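Those sequence lines, one after another, are chains A and B.
If you're matching positions, the first sequence starts at 140 in our numbering and goes up one per residue.
If you're matching positions, the second sequence starts at 2 in our numbering and goes up one per residue.
These are calculated hints, taken from the structure and not from any lab test.
Quick caveat: nothing in here was measured; it's all calculated off a predicted structure.
Beta carbons: idealized from backbone N, C-alpha and C, even for Gly.
A hint or two may mislead.
Computed footprint of chain B on chain A; a stretch qualifies when at least three of its residues, placed anywhere within it, have a C-beta under 8 Å from a C-beta of chain B [to be verified]:
1) 184-196
2) 242-255
In silico lysine-lysine, BS3-like type, Cα no more than 27 Å apart, as pairs [said to hold, decoys possible]:
3) A:Lys180 with B:Lys104
4) A:Lys192 with A:Lys179
5) B:Lys82 with A:Lys175
6) B:Lys104 with A:Lys179
7) B:Lys77 with A:Lys148
One-sided excerpt, in silico: chain A residues whose CB lies under 10 Å from chain B [to be verified]:
8) Val143
9) Pro147
10) Tyr174
11) Leu229
12) Ser233
13) Leu235
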Amino acid sequence: DTEVTQTPKHLVMGMTNKKSLKCEQHMGHRAMYWYKQKAKKPPELMFVYSYEKLSINESVPSRFSPECPNSSLLNLHLHALQPEDSALYLCASSHLPGGTGSGPQHFGDGTRLSIL
Amino acid sequence: GQNIDQPTEMTATEGAIVQINCTYQTSGFNGLFWYQQHAGEAPTFLSYNVLDGLEEKGRFSSFLSRSKGYSYLLLKELQMKDSASYLCAVLSGAGSYQLTFGKGTKLSVIP
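Isolated chain A (complex conformation) (with noise of 0.2 Å):
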């Protein structure tokens, strides 16, 4: 079990329908990360939030959506979704960067998206 929970773990779609995934932590980090990682690749980051507000997004299709409504909430909204769109999806939360970087970013258990 991890501190950082993840719903739905598993959720499949079509390309036409829209859901939304969810992250939550509560240990009192105020940075917050949406990663994607296909089979047998390392997870790549998609976006950032820090304080509530959104740092960096690496070029991010808009089919996905992120949204942070509090400190300890994360949304990843989708539409429109296309076949390789097909991975699991990681949530992350750390301290804000300091001196010495922002220490460990831990993962929760990830949902694992098929898009029909």
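Start from chain A and add chain B according to the hints.
For chain B alone, kept in the frame of chain A given last:
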């Protein structure tokens, strides 16, 4: 840009010691992490080095040389459950938010 290299696969015997190397080229280095990832599961944090030297945590140790752009993860007294991918990740970028992962080393522990 970032460039992180680690071996693709390694095999070691139960009870032995294994060293997984990682070399990196990056701008704005702010720390290096090692994560363990079992197939189908999330990465689990193992260790963090921001200064040169050795960090020890039970059976796991990690070493960093910033001048050489080099790190290694040392696993002692290997157990079957240590079979997993080990990801080297470098923290860099403006604001130190960007964690870039190497491609991972798949470790197989055999009896």
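Item to check | Agreement of hint Tyr174 of chain A with chain B interface, Cβ distance less than 10 Å | outcome: holds (9 Å)
Next on the checklist: Pro147 of chain A was flagged as interface toward chain B. Is the shortest Cβ-Cβ separation under 10 Å?
Outcome noted: violated (15 Å)
Checklist entry - Does the alpha-carbon distance linking Lys192 of chain A and Lys179 of chain A stay inside the 27 Å limit? => result violated (31 Å)
Checklist entry - Is the hinted pair Lys180 of chain A and Lys104 of chain B satisfied, with a Cα-Cα distance of at most 27 Å? => result Satisfied, since the Cα-Cα distance of roughly 6 Å is no more than 27 Å.
Checklist entry - Do three or more residues from the stretch 242-255 of chain A put their C-beta atoms closer than 8 Å to C-beta atoms of chain B? => result holds (count 9)
Next on the checklist: Under 10 Å is the threshold here; is the Cβ of Leu229 of chain A close enough to any Cβ of chain B for the hint to stand?
Outcome noted: With a closest approach of 6 Å, the Leu229 of chain A hint holds.
Next on the checklist: Can you confirm whether the C-alpha distance between Lys82 of chain B and Lys175 of chain A stays at or below 27 Å?
Outcome noted: holds (25 Å)
Checklist entry - Regarding the pair Lys77 of chain B and Lys148 of chain A, is the alpha-carbon distance no greater than 27 Å? => result The given pair, whose Cα atoms are some 33 Å apart, is violated under the 27 Å limit.
Item to check | Coverage claim, chain B over the stretch 184-196 of chain A, checked by counting residues with Cβ within 8 Å (three needed) | outcome: With 5 residues close enough to chain B, the hint holds.
Checklist entry - Taking 10 Å as the limit, does the beta-carbon of Leu235 of chain A come near enough to a beta-carbon in chain B? => result This hint holds: Leu235 of chain A lies near chain B, its Cβ roughly 9 Å from the closest one there, short of 10 Å.
Checklist entry - Given the proposed pairing of Lys104 of chain B with Lys179 of chain A, does the C-alpha separation stay at or below 27 Å? => result Since the Cα atoms of Lys104 of chain B and Lys179 of chain A sit roughly 8 Å apart, the hinted pair holds (cutoff 27 Å).
Checklist entry - Is the shortest C-beta separation between Ser233 of chain A and chain B less than 10 Å? => result Ser233 of chain A check passes; min Cβ-Cβ to chain B is 8 Å, inside 10 Å.
Checked against the numbered hints above, the structure violates hints 4, 7, 9; every other hint is satisfied.
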